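Trainee: Spelled out from the first residue to the last, the chains are:
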Amino acid sequence: MAEHIVSARSYFAVFFALMGLTAITVAVAFNDFGAWNNFVAIAIAVTKATLVILYFMHVRYSTHLTWVMAGAGFFWTAVMIAYVMTDYVARGWIPVPIAQ
Amino acid sequence: MSNHAAASLAHQHQFDDAEQQYEASTLGMWVFIVNEVMFFGAMICAYVVYRVVHPGVFEHASQQLNITLGLVNTTILITSSLTMALAVHGAQQGKRGQMLGYLLLTMVLGAAFLGIKGFEYAHKYSEGLVPGLNFTYTGPHADESQLFFSLYFALTGFHALHMVIGLGILGALFAVGARGMFSRDYHTPVEISGLYWHFVDIVWIFLFPLLYLLGLH
Chain A
1 MAEHIVSARS
11 YFAVFFALMG
21 LTAITVAVAF
31 NDFGAWNNFV
41 AIAIAVTKAT
51 LVILYFMHVR
61 YSTHLTWVMA
71 GAGFFWTAVM
81 IAYVMTDYVA
91 RGWIPVPIAQ
Chain B
1001 MSNHAAASLA
1011 HQHQFDDAEQ
1021 QYEASTLGMW
1031 VFIVNEVMFF
1041 GAMICAYVVY
1051 RVVHPGVFEH
1061 ASQQLNITLG
1071 LVNTTILITS
1081 SLTMALAVHG
1091 AQQGKRGQML
1101 GYLLLTMVLG
1111 AAFLGIKGFE
1121 YAHKYSEGLV
1131 PGLNFTYTGP
1141 HADESQLFFS
1151 LYFALTGFHA
1161 LHMVIGLGIL
1171 GALFAVGARG
1181 MFSRDYHTPV
1191 EISGLYWHFV
1201 DIVWIFLFPL
1211 LYLLGLH
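One line per chain: the protein sequences are A and B, in this order.
Our numbering numbers the first residue of the first sequence as 1 and each following residue consecutively.
Our numbering numbers the first residue of the second sequence as 1001 and each following residue consecutively.
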């Protein structure tokens, strides 16, 4: 079977990258960067998840159909959360005249 | 016996070849994982909404969580993903001992995660911070705090349930693998179960910063 075998070395490299990113996200959380705290936390979580998906879950070496399927789930979840947020975050930005 | 059984499993008649069968299995598992992403995504969306609506209360409530235990569990779960990847690595090369050893290690780490989670839950119960069972917090914004802990228990509870199911899957893999059902040519169940285990890890990768880290600074 012509499957790609990722070397144990690569798995350990990904593992140490995940551990390093975990240390960074905790270190950042102890400091106050205002709204940037959330941005950094989510950016690091997305980076970690991407590493797991590409290497541990072998998506990098999978068929394009698997790429589409894996991407679609996370893409539409991000769309769902982003669109819900356009409501909750922006609520009250524009004053709505109240009918007399 | 094992070679014969493995050969018959390796290529079932509806597929052109073993590789096509393997790709179909992988894709099928990804369809299931997309369902799971949507399942957890909806709950995370609810959490993010109420966090935006009650930012101060949620930060205060999240400070009740034990960051050290959360970090230890994150480390345990990432390590268990590594051992799971190495178990699949062993299976791909037909190294049964390596596969079984790493499966066992993955199960031990998964059980350790659940043990720590159980300890955290028990602690929250004794502090009266479990909505529905024992919620005695009466300080300012008690209702909004209860909302945080409801979401905390829903998210981590469903995650823990997935871990329990994952442990069952790994146990079954170990039992089947110990009988020599997997080989270099046929180890799709090990690979597919690995996908599930890594997905559960990904859920925690998002839950840890969302639940534990947001109120630290």
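Everything labelled a hint here was simulated from the structure, so no lab data went into it.
Be aware that one or more of the hints could be misleading.
[Claimed, not checked] These stretches of chain B come out as covered by chain A in the derived footprint (C-beta under 8 Å, 3 or more residues):
#	segment
1	1065-1076
2	1087-1095
3	1112-1126
4	1130-1144
5	1154-1161
6	1209-1217
[Said to hold, decoys possible] Label pairs and their in silico Cβ distance ranges:
#	chain 1	residue 1	chain 2	residue 2	range
7	B	Ala1042	A	Phe33	26 to 32 Å
8	A	Gly92	B	Gln1064	28 to 34 Å
9	B	Gly1128	A	Pro97	41 to 47 Å
10	A	Ser7	B	Tyr1137	46 to 52 Å
Everything numeric in this text was worked out from a predicted model, so none of it was measured.
Where a beta carbon is used, it is the ideal one built from N, C-alpha and C, also for glycine.
Trainee: Against this structure, judge whether each hint is valid.
Mentor: Hints, verified against the model:
| no. | hint | result |
| --- | --- | --- |
| 1 | 1065-1076 | holds (count 4) |
| 2 | 1087-1095 | holds (count 3) |
| 3 | 1112-1126 | violated (count 0) |
| 4 | 1130-1144 | violated (count 0) |
| 5 | 1154-1161 | violated (count 0) |
| 6 | 1209-1217 | holds (count 6) |
| 7 | B:Ala1042 <-> A:Phe33: 26 to 32 Å | holds (29 Å) |
| 8 | A:Gly92 <-> B:Gln1064: 28 to 34 Å | holds (29 Å) |
| 9 | B:Gly1128 <-> A:Pro97: 41 to 47 Å | holds (46 Å) |
| 10 | A:Ser7 <-> B:Tyr1137: 46 to 52 Å | holds (51 Å) |
Going through the hint list in order, the structure does not satisfy hints 3, 4, 5.
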